Amino acid sequence: MIHYFVKRLLMAIPVMFFVAVFVFLLLRLTPGDPAIIIAGDQATQAQLETIRENLGLDEPLLGQFVTWMGNLMRGDFGVSLISQKPVLTLIGQRIGPTLSLALAAMSLTLFFALPLGVMAAWRHGKLLDRAVMIFSVLGFSVPVFVTGYVLISVFAVNLQLLPVQGYRPLSEGLVPFLQRIFLPALALASIYIALVSRMTRASMLEILQEDYVRTARAKGLNESVVLFRHALRNAAIPILTIVGTGFAMLISGVVVTESVFNIPGLGRLVVDAVLARDYPLIQAIILLTAGIYVLINLLIDLSYALTDPRVRYQ
Amino acid sequence: MKAALTPALSVRNLHVATTGTNPTEILKGISFDVNPGEIVCLVGESGSGKSVTSLVAMDLLPKQEIRPTGGAVLLNGEDILTATPARTKALRGAEMAMVFQEPMTALNPVLRIGLQMEEVFLAHRKMTGPDRRQAVFEAFEAVQLPNPPRIYDSFPHQLSGGQRQRVMIAMALALKPRLLIADEPTTALDVTTQKQILTLIRQLQEENGTAVLFITHDMGVVVDIADRVCVMRNGEVMETGPVHELLAAPKTDYTRSLLAAIPSLTPPEPAGEERGDIVLEVSALSKEFRLGNPLARLIGKPDHVVKAVDEVSFCLRRGRTLGIVGESGSGKSTVARCVMRLEDPSSGAILLDGHDISTVQGGALMRARKRLQMVFQDPNRSLNPRIPILESLSEGPMNYGEDRTSIHARAAEVMEIVGLDPTGLLRYPHQFSGGQRQRIAIARALLMEPEIIVADEAVSALDVSVQAQVLDLLDQIRRERNLSMLFITHDLRVAAQICDEVMVMRNGRVVEMGPASEVLANPKHPYTAALIDAAPGRSWDFVAGQPVGIPVPS
Amino acid sequence: MTDMISVRAARARRLLALPRPGWLTVAAIVVLALIVLAGAFAPLLAPFEPTELNSMMRLKPADATHWMGTDSYGRDLFSRVLYGARISMIVGFSTALGSLAIGLPLGLIAGWFPLADGVLMRIMDGLMAIPGILLAIAVVALTKAGLVTVIIAIMLPEIPQVVRLVRARVISVRNEAYVEAARLLGTSSTRIIWRHLLPATFGPMIVQGTYIYAAAILTEAALSFLGVGIGTETPTWGNIMAEGRLYFALTPSLVFWPAVVLSFCILSINILGDALRDSLDPKMKARG
Numbered sequence: 028m029i030h031y032f033v034k035r036l037l038m039a040i041p042v043m044f045f046v047a048v049f050v051f052l053l054l055r056l057t058p059g060d061p062a063i064i065i066a067g068d069q070a071t072q073a074q075l076e077t078i079r080e081n082l083g084l085d086e087p088l089l090g091q092f093v094t095w096m097g098n099l100m101r102g103d104f105g106v107s108l109i110s111q112k113p114v115l116t117l118i119g120q121r122i123g124p125t126l127s128l129a130l131a132a133m134s135l136t137l138f139f140a141l142p143l144g145v146m147a148a149w150r151h152g153k154l155l156d157r158a159v160m161i162f163s164v165l166g167f168s169v170p171v172f173v174t175g176y177v178l179i180s181v182f183a184v185n186l187q188l189l190p191v192q193g194y195r196p197l198s199e200g201l202v203p204f205l206q207r208i209f210l211p212a213l214a215l216a217s218i219y220i221a222l223v224s225r226m227t228r229a230s231m232l233e234i235l236q237e238d239y240v241r242t243a244r245a246k247g248l249n250e251s252v253v254l255f256r257h258a259l260r261n262a263a264i265p266i267l268t269i270v271g272t273g274f275a276m277l278i279s280g281v282v283v284t285e286s287v288f289n290i291p292g293l294g295r296l297v298v299d300a301v302l303a304r305d306y307p308l309i310q311a312i313i314l315l316t317a318g319i320y321v322l323i324n325l326l327i328d329l330s331y332a333l334t335d336p337r338v339r340y341q
Numbered sequence: 393m394k395a396a397l398t399p400a401l402s403v404r405n406l407h408v409a410t411t412g413t414n415p416t417e418i419l420k421g422i423s424f425d426v427n428p429g430e431i432v433c434l435v436g437e438s439g440s441g442k443s444v445t446s447l448v449a450m451d452l453l454p455k456q457e458i459r460p461t462g463g464a465v466l467l468n469g470e471d472i473l474t475a476t477p478a479r480t481k482a483l484r485g486a487e488m489a490m491v492f493q494e495p496m497t498a499l500n501p502v503l504r505i506g507l508q509m510e511e512v513f514l515a516h517r518k519m520t521g522p523d524r525r526q527a528v529f530e531a532f533e534a535v536q537l538p539n540p541p542r543i544y545d546s547f548p549h550q551l552s553g554g555q556r557q558r559v560m561i562a563m564a565l566a567l568k569p570r571l572l573i574a575d576e577p578t579t580a581l582d583v584t585t586q587k588q589i590l591t592l593i594r595q596l597q598e599e600n601g602t603a604v605l606f607i608t609h610d611m612g613v614v615v616d617i618a619d620r621v622c623v624m625r626n627g628e629v630m631e632t633g634p635v636h637e638l639l640a641a642p643k644t645d646y647t648r649s650l651l652a653a654i655p656s657l658t659p660p661e662p663a664g665e666e667r668g669d670i671v672l673e674v675s676a677l678s679k680e681f682r683l684g685n686p687l688a689r690l691i692g693k694p695d696h697v698v699k700a701v702d703e704v705s706f707c708l709r710r711g712r713t714l715g716i717v718g719e720s721g722s723g724k725s726t727v728a729r730c731v732m733r734l735e736d737p738s739s740g741a742i743l744l745d746g747h748d749i750s751t752v753q754g755g756a757l758m759r760a761r762k763r764l765q766m767v768f769q770d771p772n773r774s775l776n777p778r779i780p781i782l783e784s785l786s787e788g789p790m791n792y793g794e795d796r797t798s799i800h801a802r803a804a805e806v807m808e809i810v811g812l813d814p815t816g817l818l819r820y821p822h823q824f825s826g827g828q829r830q831r832i833a834i835a836r837a838l839l840m841e842p843e844i845i846v847a848d849e850a851v852s853a854l855d856v857s858v859q860a861q862v863l864d865l866l867d868q869i870r871r872e873r874n875l876s877m878l879f880i881t882h883d884l885r886v887a888a889q890i891c892d893e894v895m896v897m898r899n900g901r902v903v904e905m906g907p908a909s910e911v912l913a914n915p916k917h918p919y920t921a922a923l924i925d926a927a928p929g930r931s932w933d934f935v936a937g938q939p940v941g942i943p944v945p946s
Numbered sequence: 019m020t021d022m023i024s025v026r027a028a029r030a031r032r033l034l035a036l037p038r039p040g041w042l043t044v045a046a047i048v049v050l051a052l053i054v055l056a057g058a059f060a061p062l063l064a065p066f067e068p069t070e071l072n073s074m075m076r077l078k079p080a081d082a083t084h085w086m087g088t089d090s091y092g093r094d095l096f097s098r099v100l101y102g103a104r105i106s107m108i109v110g111f112s113t114a115l116g117s118l119a120i121g122l123p124l125g126l127i128a129g130w131f132p133l134a135d136g137v138l139m140r141i142m143d144g145l146m147a148i149p150g151i152l153l154a155i156a157v158v159a160l161t162k163a164g165l166v167t168v169i170i171a172i173m174l175p176e177i178p179q180v181v182r183l184v185r186a187r188v189i190s191v192r193n194e195a196y197v198e199a200a201r202l203l204g205t206s207s208t209r210i211i212w213r214h215l216l217p218a219t220f221g222p223m224i225v226q227g228t229y230i231y232a233a234a235i236l237t238e239a240a241l242s243f244l245g246v247g248i249g250t251e252t253p254t255w256g257n258i259m260a261e262g263r264l265y266f267a268l269t270p271s272l273v274f275w276p277a278v279v280l281s282f283c284i285l286s287i288n289i290l291g292d293a294l295r296d297s298l299d300p301k302m303k304a305r306g
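Just so you know, the protein sequences line up as chains A, B and C, in that order. Going by the numbering used here, the first sequence opens with residue 28, and the numbers climb by one from there. Going by the numbering used here, the second sequence opens with residue 393, and the numbers climb by one from there. Going by the numbering used here, the third sequence opens with residue 19, and the numbers climb by one from there.
Don't read these hints as lab results, they were simulated from the structure. Predicted, not measured: the structure shown is a model, and the values here were computed from it. Treat the hints with care, as some may be off.
[What the hints assert, rightly or not] In silico BS3-like cross-links for lysine-lysine, where the CA-CA straight-line distance does not exceed 27 Å: (1) A:Lys153 <-> B:Lys518; (2) B:Lys699 <-> B:Lys481; (3) B:Lys587 <-> B:Lys916; (4) B:Lys518 <-> B:Lys568; (5) A:Lys153 <-> B:Lys481; (6) B:Lys643 <-> B:Lys699.
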């Protein structure tokens, strides 16, 4: 068990290292002078100098990398080229709405996707199964921003049940928070629900063919016990995996959703950073989300050990 | 005593068909009874419908694909086919119970054995927690499982195959059902374990007076356990009768051919003592598998070393067949794979005509491989499903530079030798039956014109009638071409029929080696004796059609 | 009779013996074909130049001349959507082809050489850890946002998926008895890869290719929508919607039409992908 844990942890380190190398090289290996790329064609010599100094672009590549990694290790992610504030401060100001949105979408997903997937597998080939499958293909195919606008025009514009856009932090009260987070979370969750329910269904269908499910039925157990105690726990690993790898998709969705619903989160920050070519900020956001991704997947790897004794006793 | 006359299970003119637009009948109106206190064996080859019958009785059919279309299945007089799902659920596990073929997959891998056992009581009885636990322990004791509390806390992967099958039996018999259905319960087990499980089922059945429907493909098992037999073929019952009557005087040609196909445990008289020259000599061959990871090595933990093959030596002479016999994990297949250089031996020598090939690489290995060819166990997997047979057959000769025209001519010839129509060369593997595919695999080996054929459980996946044909083919080819054969098998009957010499392996070591007629008739090592003793159906002489020991009337 | 020509004929017959597609698949093929044709022949089909301004005709509803109405610059929406199809098809096709072409050799290497496997797969894990849109945004931020850049940016995060798929397939086939049999027949490693492993990856790769095709079109639209995609002067579905959102309350059709076409396009490709997967692996039929 501890063995397994240490192994997984050690495997996460090179992954994060490669992310860092990649982010580092992306700027340096793009054809052209990185300073000009960032400052634009009309930049003055003085501006270029500031950027070069700021990013240490005059040093040899390896030297730059060592300095940069050293700074990262100390928690120094650099300074925004536009506002001149440390990027971590900027990220700190914007991370709240993004986390709320992601967590709300995640909760909606687990609330809807698991039961839908299990029921679809149980009623395999029946109406409910078809409905879930159609919904999941639709969820994949309709872009988040389209779902977002459909939800806005139905619930906010036509029915006027909820505010059109915007964000209120939880500290300003639960009701305003929920009112504003619900539609964006639903829009965002639509793909994720599609993904997870589809995987739940597929995984359950496979497990329901297993010999031990037949054994469970041969014992005369209730169908709910068969489905949830015997099948779902065995089906969990592929489902957990897709929840983990789908997290990258969720973040991509967050960026778009924030734009549609005017939520002042990381997504908007990163889009603004791109338009201003604020590379240190983009870099930091990528490293941060990749870090969270790796962490979530590490936790999921560990949860395998909780669901499957064969992993635990490895 | 009317109750005694009611059969525990009575199948009446049962019809089962697949659903869908083109329904095919799987069971075509079968009838048989299982009375309280008797064991009825349902025997048949693959596709006979014997397993479907058991699933109908348990109401466990996947109804979207297969469903009953007529007849009745009466459990103590109550029709299962018309009963509500709630009613059959209440009967399952309490009045009728089932043991399945694969003990490795029949238990839920993520739940503790104890919980899985308790579920039976939870579903059907009102009991307190401690009572249930006690009942579980008693059930474990009844099936002679050691240390019930430890088993209770274990997960399935911590138990051996035999132990898991005992757990399955304990589970099935926990509530003393009237009917036990056992679907090939010992097929996946080694012979020695099989014998223990068969004895256990017999013993518990006698104690409780349970009616047992025992499904098997193995006539040997039938001899050991059945009171009555029901022979099935293509969804029909061919004949039914008391076991000895049916074995001694089968009424149908099919049963007769089935019995005739069973290889005898007594090897034929050795055909001459002509000693050919040695073509393959293996000396002190060892193979270790190291299980460890870099991390463990880093903290100084030694690798876990498994000695799969330990100092094995033998000689194979021209024109002879050497059988390597053993149970699973004995290392017999690893020996074959080392000889073929699919695994690299850890130490020892493999002399092919006096030249050591145990470490050769490149061209030398390629030259050696031409002279050694292998026939694998599973004909479904040893042919590439994506290419036509002709291309699979030509692959080898083409690697050795033969031109297409000549290969194609030879391929057509070899197809006829193995008893297949050469027009089949353009078809794909999935268009052939298992036995035909094994013939194709043999043809592929023959096209290389090898001196030695290594057959790794080459007939184990085949039905008994097909098995007999493929064995005959292999033997005929060996004689006609003066080939040598290394024949790996777990089945002593097969070994007795095809091997000149037999080598018995256990835990990677050779236990006993000698002429087949001697080793199998007068085993010197207790393990060999135990193995022979455990061979199913030993008490019946299938050739003479009577129990062993009675002199054949002249 | 037993010559190479008839072997080829046998292979061709087998490939053609695909199961008869269901009505949904047929509908998906028709929709997709229409969109591909619309994109290919946009210059011939479009009633107006997609960039032709007309200050008199701003934000007009649909009528006989402007089938979908006009946008805020008076440009004909229908013509712009046709040209948008062109961009989407190019992006989808190039991304799918490119990521398969790069992912296939990497996957073969990872699956066949255990030494390369560890390092290569950690790099791929690293690439997968970066959310696709963020990666694309970073690439676009560093280069001029042209068609090629956007394709590269969308392609990068798709590559690890292909590598994983090919690798998994190679590893499972590598241990098949028929590959061992080929080794015993004296077949070299290169030939085993070429003859036994590569063909086994084609089916899953085609399926994956269709999903990438769909995902690429979605990502391109999202990038354009965020204003960090192909330059706003180019009519793409995402750009049309990005502009249209400003007038969403007034003229929802500016968002509605491209959204409908885009959604139907992706839906068709996904349905087609599912159908392909089912026909390649009948066991998976009607599964997830």
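The hints, checked one at a time:
no., hint, result
1, A:Lys153 <-> B:Lys518, "35 Å, violated"
2, B:Lys699 <-> B:Lys481, "48 Å, violated"
3, B:Lys587 <-> B:Lys916, "21 Å, holds"
4, B:Lys518 <-> B:Lys568, "16 Å, holds"
5, A:Lys153 <-> B:Lys481, "22 Å, holds"
6, B:Lys643 <-> B:Lys699, "51 Å, violated"
Consistency with the previously given hints fails for numbers 1, 2 and 6, ordered from lowest to highest.
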